[in-house]
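Spelled out, the chains give:
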Amino acid sequence: MFGTQSKRDLTLELQAQFPILRPSIHARRANLTVKFQDLYGFTVEGNVDDVNVLNEVREKVRQQGRVWWALEASKGANWYLQPQVSSLSEGIVLKSSLKLAALANSITLKRLIRKGIPPVLRPKVWFSLSGAAKKKSTVPESYYNDLTKAVDGKVTPATRQIDHDLPRTFPGHPWLDTPEGHAALRRVLVGYSFRDSDVGYCQGLNYVAALLLLVMKTEEDAFWMLAVLLENVLVNDCYTNNLSGCHVEQRVFKDLLAKKCPRIAAHLEALEFDVSLVATEWFLCLFSKSLPSETTLRVWDVLFYEGAKVLFHAALAIFMMKEDELLLTHQVGDIINILQRTTHHLFDPDELLTVAFDKIGFMTTNTISKQRKKQEPEVMKELDERLRRLNSLRTDDK
Amino acid sequence: MAHRVDHEYDYLFKIVLIGDSGVGKTNILSRFTRNEFCLESKSTIGVEFATRTLQVEGKTVKAQIWDTAGQERYRAITSAYYRGAVGALMVYDITKRQTFDNVQRWLRELRDHADSNIVIMMAGNKSDLNHLRAVTEEDGQALAEREGLSFLETSALEATNIEKAFQTILTEIYHIISKKALAAQEAAASTAIPGQGTTINVTDTSGNTKRGCCST
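Those protein sequence lines, which keep their order, are chains A and B.
Position 265 (the first sequence) corresponds to 265 in UniProt numbering; numbering is contiguous.
Position 70 (the second sequence) corresponds to 70 in UniProt numbering; numbering is contiguous.
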């Protein structure tokens, strides 16, 4: 269903398939929990308010589509793909007359992307702005086909774990959880595990790749998006053998929380709550397992344009939105409950992104890079010590 | 995490589930806390937990069961996962030899991260798949005896021994806690000057504070 069609068809079909939901008056009165399918075919449970929010989000997506089309009409198709526009956001200084127009476009684009890329345009915009297109262009056309053919039938620890996780990745989804969906996800994950043997396969990537497959036009493009994510967008070694990059991100996040939400941070400290208990999943699955699909994809819209700092913005926002409630907790379990409930019900992407960018305030990629550098030696030292301890226990066993 | 709260329960015990990916940790959790089994469960990445309140030797105990990812590379990020745990259910899959062979590594993980008094039970899960068995019950029993652990074969699917496994762990934890409380009481009594009406605060001395009974 999803794999063979063009993205445009898919979105139209989905919109036709899931018409505006109108909860009955009885459901309204009883505050019932209802099950429904969202824009990307995921089954969601929510109350009547959630349904209403989702309907509003659908309307906003349509409006945002009109804004993008209008811009294409006035600036020309693919205006956002001009190299100056995207490179400016990375801080490259431009020469002469191009400067002003490019700067204007770049500001427009940044603002636009924070408001959301329409689902129909996502494959094209993501592919180009993330650098995936460039990455793909440096290898022969047949790279992905050759890769999947070459690794077909090979068995490694990675492929065993992948096979184990295929049916456990968004079970019940109308396309992902079919033989066709499993096969596509398997090819992407297995292919990547051979492309980067340091990563191989890390649990969590299954959710990321699955969502990429749903969004991108082709399986091959989903593969390249995964590649650019791991190799360029995210911090190094996020998914490798000891997840050291992920450990570093958790430390940086903890420091940022102390800076941006000092009251929450102090309270968590008092309860001996380590943010990694909830944030590990956020950072490794890029929120795909926690947030509703459109909200996740809105975070990814910005992630592919502005970089990995966006994950910190979103994670901080989730804490900040629940500050009052969190400050009243007495137990670690309550904190986890609040945060999980909050993320699962964040059907309105703007609610999250407004806090993430307007309230959290400015953070540059540079500052975050510096903080990572600061944390790295400590993380590596602890990981080494851990290994040494475990090895010494091993000798004790003998 | 073994606090004593006056209202809904007497004790809160944190128990962690550990074991290789796919041995059935998540379904053991859902069977025990909600009496559910889901053939189509998602692979766990971060931390999930659920609670159930039950009676242990006349006390109301709230068992808080934690579940997390089983893939090897995740082990290093779990020190926060073990914090405050007073019990552990170490699970392997009786149809996958490798998951049993890895039990030793999980034990090392526990010794490294968890409190030394943690109560550990080993569970050979998926006993309903007897025709696919790769680990005999005797092998499981022998390892458990060697390591001084309690042992049961379980089936989350058929709800076999799940209840018993947790009851065993919780009872053992309760015994340790009450012994500690008694010892602390005696210690406090022997150091206190008799006749001055010293109040012995069992709750405090037994370690039932927010820090958890076994925290150091």
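Some clues are possibly wrong.
Claimed, not checked - Mimicking SDA-like on lysine to any residue, the simulated pairs with C-alpha atoms at most 25 Å apart in a straight line are:
1) A:Lys35 - B:Cys38
2) A:Lys154 - B:Arg73
3) B:Lys42 - A:Lys110
4) B:Lys164 - B:Tyr82
5) B:Lys62 - A:Glu272
6) A:Lys381 - B:Leu110
7) A:Lys154 - B:Glu72
8) A:Lys135 - A:Asn78
9) B:Lys42 - A:Asp274
10) A:Lys309 - A:Lys373
11) B:Lys42 - A:Phe36
12) B:Lys62 - A:Trp175
13) A:Lys254 - A:Lys359
14) B:Lys42 - A:Val44
15) A:Lys35 - B:Arg34
16) A:Lys110 - A:Val67
Derived from the structure by calculation, the hints contain no laboratory data.
Please read all numbers here as calculations on a predicted model, not as lab measurements.
Which of the numbered hints are not met once you compare them with the structure shown?
3, 12
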